[in-house]
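**Student:** In case you want the letters, here they are:
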Amino acid sequence: MQRIIEHPVLGPLPEVPMVKIIVDGEQMEAREGEMIAAALIATGKKYFRKTIKTHEPRGIYCGIGRCTDCVMTVNGIPNVRTCITPVEEGMVIETQMGYGVWKQEQ
Amino acid sequence: MVQSYDVLVIGGGIIGLSCGYYLTKQGKRVVVLESGGFADGASGACDDMILFQSKKPGINLELAFESLELYKSLVGELEDSLGFANYGGMVLIENERELEVMEEFVMQQRSYGLDVEILTKAAMRKKQPFLHERFIASTYSPMDSQAYPFAVMHKFARKGRQMGMQVVHKSPVVGIQKDGTGDFLVTTAQNMQYRAPHVVNAAGAWAGKVADLIGLNVPMEPRRGQIIITEKIPAIGETNLWSAKYLVTKLKPGIQIDSTEEEKRLGLAFALTRTEGDSYLIGSTREFVGYDKRTTMEGIRAIINQAVSFIPVLKDVNFIRAIAGLRPATPDGKMVLGEHAGVSGFFTAAGHEGDGISLAPITGKLLADMVCEGRSDARLEELSPNRFASNAKEVS
Numbered sequence: 001m002q003r004i005i006e007h008p009v010l011g012p013l014p015e016v017p018m019v020k021i022i023v024d025g026e027q028m029e030a031r032e033g034e035m036i037a038a039a040l041i042a043t044g045k046k047y048f049r050k051t052i053k054t055h056e057p058r059g060i061y062c063g064i065g066r067c068t069d070c071v072m073t074v075n076g077i078p079n080v081r082t083c084i085t086p087v088e089e090g091m092v093i094e095t096q097m098g099y100g101v102w103k104q105e106q
Numbered sequence: 001m002v003q004s005y006d007v008l009v010i011g012g013g014i015i016g017l018s019c020g021y022y023l024t025k026q027g028k029r030v031v032v033l034e035s036g037g038f039a040d041g042a043s044g045a046c047d048d049m050i051l052f053q054s055k056k057p058g059i060n061l062e063l064a065f066e067s068l069e070l071y072k073s074l075v076g077e078l079e080d081s082l083g084f085a086n087y088g089g090m091v092l093i094e095n096e097r098e099l100e101v102m103e104e105f106v107m108q109q110r111s112y113g114l115d116v117e118i119l120t121k122a123a124m125r126k127k128q129p130f131l132h133e134r135f136i137a138s139t140y141s142p143m144d145s146q147a148y149p150f151a152v153m154h155k156f157a158r159k160g161r162q163m164g165m166q167v168v169h170k171s172p173v174v175g176i177q178k179d180g181t182g183d184f185l186v187t188t189a190q191n192m193q194y195r196a197p198h199v200v201n202a203a204g205a206w207a208g209k210v211a212d213l214i215g216l217n218v219p220m221e222p223r224r225g226q227i228i229i230t231e232k233i234p235a236i237g238e239t240n241l242w243s244a245k246y247l248v249t250k251l252k253p254g255i256q257i258d259s260t261e262e263e264k265r266l267g268l269a270f271a272l273t274r275t276e277g278d279s280y281l282i283g284s285t286r287e288f289v290g291y292d293k294r295t296t297m298e299g300i301r302a303i304i305n306q307a308v309s310f311i312p313v314l315k316d317v318n319f320i321r322a323i324a325g326l327r328p329a330t331p332d333g334k335m336v337l338g339e340h341a342g343v344s345g346f347f348t349a350a351g352h353e354g355d356g357i358s359l360a361p362i363t364g365k366l367l368a369d370m371v372c373e374g375r376s377d378a379r380l381e382e383l384s385p386n387r388f389a390s391n392a393k394e395v396s
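Chains as they are written, first to last, in the numbering used here: chain L, 1 to 106; chain B, 1 to 396.
Quick caveat, the hints were computed from the structure, so don't treat them as lab data. One thing to keep in mind: the hints can contain errors.
Which chain B residues face chain L? A few, computed with CB under 10 Å, are given here [claimed, not checked]: (1) Ile-229; (2) Lys-232; (3) Pro-234; (4) Asp-278.
Output of the computed footprint for chain B on chain L, the stretches with three or more beta carbons under 8 Å from beta carbons of chain B [unchecked claim]: (5) 73-85; (6) 90-102.
Capping the alpha-carbon separation at 16 Å, the derived lysine to aspartate or glutamate pairs in EDC-like fashion look like this [as the list claims (entries may be wrong)]: (7) Lys-232(B) x Asp-69(L); (8) Lys-53(L) x Asp-278(B); (9) Lys-53(L) x Asp-40(B); (10) Lys-103(L) x Asp-316(B); (11) Lys-170(B) x Asp-40(B).
Cβ coordinates follow ideal geometry from the N, Cα and C atoms, glycine included.
In isolation and in its complexed conformation, chain L is listed as follows (with noise of 0.2 Å):
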């Protein structure tokens, strides 16, 4: 876990309740309310996405919406902006490759 636990200027990390969520198809906890960009990089995740044409590694860079450099794949849903998307219980988040793909609505 990378988390200020004590700031020299916000105080103490709150207590919040915390939920599940799934990455990569692993099961590890979040802050309820906390952006996903946030929850993974507390986890030690070093990079969220691959890059479409020369598979570079890619994670957060401006962490503000703009950028997209952080994008996911989030609930089968391509392309999602991490750093402004907040964590829902038993979200399933995945590293995304290039694009990514559609996952197929039954």
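Keeping the supplied structure of chain L fixed, place chain B upon it in accordance with the hints.
**Tutor:** For chain B alone, kept in the frame of chain L given last:
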């Protein structure tokens, strides 16, 4: 100062540049006068389809075949891929009534040599797994293709310039006269004058206004088409798509089709193509609103709602831009191509409405043949600008 050329082309869109290119190729000294900048008009705000299935069997379909062959040879000639691709196309059918009309239409097109068939629901869904359940069948043609209009225009201009063609931007034509020698004298807003024995009016939606400068009648109405562009997304299905509703209303105007008031007002029809850059272009509207080429919230919203109703996964896709262009529409839906009977040496090549990208190469080539060799195919008679002159006489 007066500059002299063999041919003055008025309009620097895809049609004007194609005319300029093919004329230059035949050894003519050509200047293309564009009122705005590069790709400022409808050619810079349209989709990229080279469609066969939307063409009524007849001259339009015949010319589309020839244009496709030209596109293939242009890829080598202009030394660029031109964004040319051949994904094929499907027309989506919602009900039995549409199916009936489309079956008849497909039969006609097949007799003209178009490779097209009706797919069952299962076969359709195999190619397009993300379609909404309600579609009962579709057509499929492997021939439907596409080209990137910006690349085509840019390369026409580049290759043309290498051979001596001039392209002058920001030069709206304000006057056209015929002087004593029989040459045309064209004046631009900057007070520049150009002289040549031939003028080609390729001004698209503005072709009527240009013809007016020399007292000719070319009935041309601007028809606004709005299109949205998505972010880059994984492919949705194998082919490009559009709706039968649009074709059915075009082919059988009498037939009762369920359209909302908004759909009718906007002339809304579904069209979806994947671009070379992995974005999708989704359209479109067909509206008569004069020369207003703004996009509207109403138009964008209608296109989005329609797109999501066709392909539900699009609800999670961002659109990044909306564009609108003025398609040049003629009263009979056919382009205008040929020399005006009243003013020898004055040609019009305009009025393609939604077929400008498809038909640009063949239009330029045929126009160049007319100008250079003074000959015109008998089959092109029905495209002649003189069809409107005679109408006018009948009316008066």
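**Student:** Each hint needs a verdict: does it hold in this structure or not?
**Tutor:** Hints versus structure:
no.	hint	result
1	Ile-229	violated, 15 Å
2	Lys-232	holds, 6 Å
3	Pro-234	holds, 4 Å
4	Asp-278	holds, 7 Å
5	73-85	holds (count 4)
6	90-102	holds (count 5)
7	Lys-232(B) x Asp-69(L)	holds, 13 Å
8	Lys-53(L) x Asp-278(B)	holds, 13 Å
9	Lys-53(L) x Asp-40(B)	violated, 32 Å
10	Lys-103(L) x Asp-316(B)	holds, 12 Å
11	Lys-170(B) x Asp-40(B)	holds, 10 Å
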